[in-house]
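J.: Sequence:
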Amino acid sequence: METAADHASINLDEEDIMRLTLPRRRWAAGLAVVAMTLTGLAPVAIATGPVAVPASPTQADSHPQVLPVPQSLSWGSGAATFKSTTVHFDVQNQDEPTKATLNALAKANNLQVTSAAAATLKVTVKVAASGEQGDGAGQAPKHAEGYLLKAEGNSVTITGSDTRGAYYGVQTLRQLVKDGKLYHATVRDWPLMSVRGTIEGFYGIPWSHQARQDILAFSGKHKMNTYIYTPKDDAYLRAKWRELYPQAELAKLKELVDAANANHVDFVFALSPGNDICYGQQSDYDATVAKFEQLRKIGVRSFYIALDDINPRLNCDSDAAQFPSRGPWTQLADAQSYYLNKVQTEYVKANHLNDLMMVPTNYSGNATDPFKTAQGERLHQDIRMQWTGMGVFSDQITVDQVTKAATTYNNKHLFIWDNFPVNDGQRGRLFLNPLEGRDPNLYKYIDGFTSNPMIQPYASLPSLANYGDYTWNGPKYDAQVSFKAALAELAGTSDGQVTKALDAFVDLNQSWKPYRASSQSAPQLSSDVKAFKDALASGNAATIKSTAATLRARLQLIQQAPQLLAKMESKGFYNDIKPWLEAARDWAKASESAVDVYLAISADNGEQATSALMAMQASQQSALAPRVDDMDSDFTVKPASITASVGDGVFNAFVDDAAKAWDKWAALTPAKGGAALKVSEASTTMGIWESYVPANAVDGREDTFYWSNSAPQPGSYFQLDLGSEQEIGLVHVSQGRSASQTGDMIYNAEIEVSGDGSNWTSLGQFTNQAEITAKAPAGTMARYVRLKATAANGNGAWVQIREFQVSSPTKGLSTTLVSAKDHPLDNAVDAKGATALVATQVPEGANLVRELPQAASGKVSVVVAGQVGATVDYQRSDGTWVTLGSADVAKHYQVFAVEGPVKAIRLTSIKGEVLPNILEFSYRAWRAGDPQPGSTPAPTPAPTVAPTASPAPTASPAPTVAPTSPAPTVVPTATPAPSPAPTSQPTATPTASAAPTAAPTATAAPSPTASAAPTASPAPTATPAPTASPAPSATVAPTAKPTAAPTGRPSALPSASGKPGALPSAKPSLLPGQRITLNPTPGQARYSNGVLAHTGANIAVGLVALVALASGGLLLARRRRQS
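Per the numbering used here, residue 1 is the first one in the sequence shown, and the count goes up by one each step.
None of these hints come from the bench; they were simulated from the model.
All C-beta atoms, glycine included, are put in the ideal place defined by N, C-alpha and C.
Accuracy of the hints is not assured; some may be wrong.
[Unchecked claim] Pairwise CB distance ranges, derived in the manner of DEER restraints:
(1) Lys240 to Ala675: 53 to 61 angstroms
(2) Thr493 to Val637: 26 to 34 angstroms
(3) Glu681 to Ala542: 52 to 60 angstroms
(4) Ala695 to Gln765: 24 to 32 angstroms
(5) Gln726 to Ala367: 26 to 34 angstroms
(6) Ala553 to Lys811: 42 to 50 angstroms
(7) Ala675 to Gln765: 40 to 48 angstroms
(8) Ser494 to Glu377: 53 to 61 angstroms
(9) Pro246 to Glu346: 21 to 29 angstroms
[What the hints assert, rightly or not] Each computed EDC-like pair below joins lysine to aspartate or glutamate, with the alpha-carbon atoms no more than 20 angstroms apart:
(10) Lys126 to Asp179
(11) Lys181 to Glu489
(12) Lys530 to Asp656
(13) Lys349 to Asp286
(14) Lys83 to Asp135
Could you build the full structure based on these sequences and the hints that come with them?
T.: Quick look at the structure:
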């Protein structure tokens, strides 16, 4: 059901009124309200305090916890043994549910049920006789469903005000047992609200038959007495409401009715005839009564007529004639009242059934309007009416709101249809926050509450327990205590790790936004993230270390949660939350990698930062994979079609911020072009919901969005007009409320472009994809760009579009790689580590060429970030290409320095053994920490036919100095030398590389014996390339660093898989960014910033210098870029 809060009045003429239709409630109602067109309602939100996962309640003593909190409880001085002994049950009222509950209690405590004479314990249950009820301390309360319980010595007496009250007394007895003892107590108790329970009123996958039975059992256990049956998949409630149930369907319903009765729950059968009923026709009244009578014969004694979510008009001409207008909306109100009153007086009252329940067509808000006034004037005063509060979703429900609503509706038996924790409007989310914002004194003014729960029945149980506790005794209801107790009940284990994991997971699902704007998002995770980021900003090494450890511990616990929570007693709860558990696990992995990105950046370690960035992105993509089942309008279940949104956006923001931090640290240069083109107009054929206009999708902000007011049909579209025909490059569309909340979107989409708005060209089709990227072929001219639906959304979802952007083409860029359609070439040159060129095919001799907008002068650093094996060249201003070196596919961040001017850069001979995943191929001005450029790189000559490389030395020194405080550590290992690019004369300079060693913090001279003798590693025969190049430089791991490492360095960064430990890196760890290389400048050898440069002709000189450095014989200045 959807609506909004009321305006004070309606100003519509009759013609306007008849054109209006009340939008049908749909599952994708993501915000709090749907505008009631018959009143012009507007949403109302009242702020509440933060919502947090409660801590375990602290007991003042060792007494057990009793919930709902009784009206009166006094503890005795002792306890009776209630384990492995004998007991006699005397159920004088012979109530079968009471007997069953007692027998289950005996079994759970290993009690032998025996005769009164032989029993150690005696439990008597009875219903108060005339004169036994009263207000005295020793009397059963006069209130319905009340009881008096006395436990003293070895006997228990429960006297109920009625049969249900006696049953509730037994439920309290169950809670007085703790650790094998029955605690002595006197409890005098009754409920403050007469209606307490659940309405299965959501849209989406309906509950299973077993789940409904389990909900009924849980309801009885928690002293709830109402279950309103109105699932959307039961055609005999709506489309076939006039037809009787077939025997097979009726038999299943009888099982539910029996289960309800077995737990003292009223099974309320709700009929929804409003779409086509003729309110005044005798035949439709007869059909209603026939259906009710069929249900009455199987035990149903409570009936409900739902007139919500229908078009607010009469369906039949005969009704228009029978109910003349008394003013706006009076015809509909009078017709509905006539029908409802007839059912109440002629069927319900005549058969001595519980009073009829109903929900009106205008079911929210408390301002006076013609419909509410007219219906209130005519409706029978004994009919119980449901109300959702000031909107469909009510942040708070107050005494003032309720009393005004009762006056407006003129109804003495108002009770609340509370749309919490229902998630049919946000099917990718779980709401595991406690019930709050309901005035404790509402019991004085309304009959009660029914909760509209989530699509996931067992995940709804903690909230339903809240409703049980609140509606029983609102003034003593403690939301956090109640919620925590429900979680403990579902966990059913004393395993502390399970409890911690459950608390950590529940924390990730605390936000009730947008329905409660003040909701906190994952408060515990947010606190740990904030502490870590604050520590980074402070630069305090000790604080960084401690906050990183705290955050990492939480993230690792979340990663373990799927395994730990499998131990829960409630398997239904575990299975319901499993998609979110798995998504949380992957988000936690991504976030732990984000921690590593930050730490590696702080240490100025590009290899580790980029490896962590790639691991983060892989985990993030896994977290965003659809996991949640959905259902089409024909009730066909679609497995794994919605992303599980978990973490309330905190994971997303932390991971996104880490990627941006990498971008800022890398400081790379984006390619020319690729700028967003100005949009002249955004338009749509899908309608506009409230103020969520198309312009929101082109404002450059992720926190605003366009929202349709209907589901897309084939051919529906959202279109941009660029104002004039112009060349375009990339088209990107972000659908859904966020990257992880993608319920509202075009599930079957196509990007099309046109120059004239008539002739369209497709850029690609996309299925179930929230983030869409399409690249226009070179030279594509367009004025209009649109996102079109190729099929209807089977689940009826509306559409949200956060951003729709068309970019100008990127200039000076080409490649022979074949890339994935949503990971195009442009991603490799946008200076953003969060995007990448992902190749799907690597043709022989593949290349990637990037022309600079203008030649770069001075020292230039060329950066290859990602995963690609290739030769790296640059172009001089005279057009000559010169080889800088080779990019190693095993490394993720490689820097090649050169003295400008640089006209272009390129990757050639790209290898296809591992498909390239290029985050960035870019450049920047040289900075401290980058390798020094050679003085005069040799031009690239033409290739020879088949050059053969000579063996190259591979150094693998081992440090001997033990660090006093840890720095990033990786055990050095020699890697095989890659094949060099062929030259006109074969050379013997293939690269030898070693994984980085730790930079110990102790200041000590390295031992002369720390340097291992180099070993020759024969290079394989080189394959001819289009252009020959000098051999790449050799990278050799140094010995232990003779200077102290700066504080604040991470002790160990995780591997690319996201697991704790050292990241793979081919860089030695002199200092971050420093390495020893062989420079192809004839006759020159030098060491500067960790760089030893020489040519193939001076290998011996280089090796001598390396040995001297390892033995401490060289005093060379080192410079380090400060982070």
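J.: Against each hint, give a clear statement of whether it holds in the structure.
T.: Here is how each hint holds up against the structure:
1. Range check, Lys240 to Ala675: about 57 angstroms between beta-carbon atoms, so the 53 to 61 angstroms window is met.
2. Between Thr493 and Val637 the Cβ separation comes to about 31 angstroms, which falls inside the hinted range of 26 to 34 angstroms.
3. Take Glu681 and Ala542: their Cβ atoms lie about 56 angstroms apart, and the range 52 to 60 angstroms holds.
4. One distance hint, 24 to 32 angstroms for the beta-carbon pair Ala695 and Gln765, holds here, with the actual separation near 26 angstroms.
5. Checked against the hint of 26 to 34 angstroms, the pair Gln726 and Ala367 fails, with Cβ atoms roughly 51 angstroms apart.
6. In this structure the supplied range 42 to 50 angstroms holds for Ala553 paired with Lys811, their Cβ-Cβ distance being about 48 angstroms.
7. Between Ala675 and Gln765 the C-beta distance comes to about 27 angstroms, which lies outside the given range of 40 to 48 angstroms.
8. Taking the beta carbon of each, Ser494 and Glu377 are about 59 angstroms apart, inside 53 to 61 angstroms as hinted.
9. Judged by the Cβ atoms, the range 21 to 29 angstroms given for Pro246 and Glu346 holds: they are separated by roughly 27 angstroms.
10. Proximity of Lys126 to Asp179 is assessed by CA-CA distance (about 27 angstroms); at most 20 angstroms being required, the pair is judged violated.
11. Restraint check for Lys181 and Glu489: satisfied, since their Cα atoms lie roughly 19 angstroms apart, inside the 20 angstroms limit.
12. Among the hinted pairs, Lys530 with Asp656 is consistent with the structure: their alpha-carbon atoms are about 14 angstroms apart, no more than 20 angstroms.
13. Taking the CA atoms of Lys349 and Asp286, the gap is about 16 angstroms. The hint holds against a cut of 20 angstroms.
14. For the given pair, Lys83 sits about 35 angstroms from Asp135 by alpha-carbon distance, which is inconsistent with the 20 angstroms threshold.
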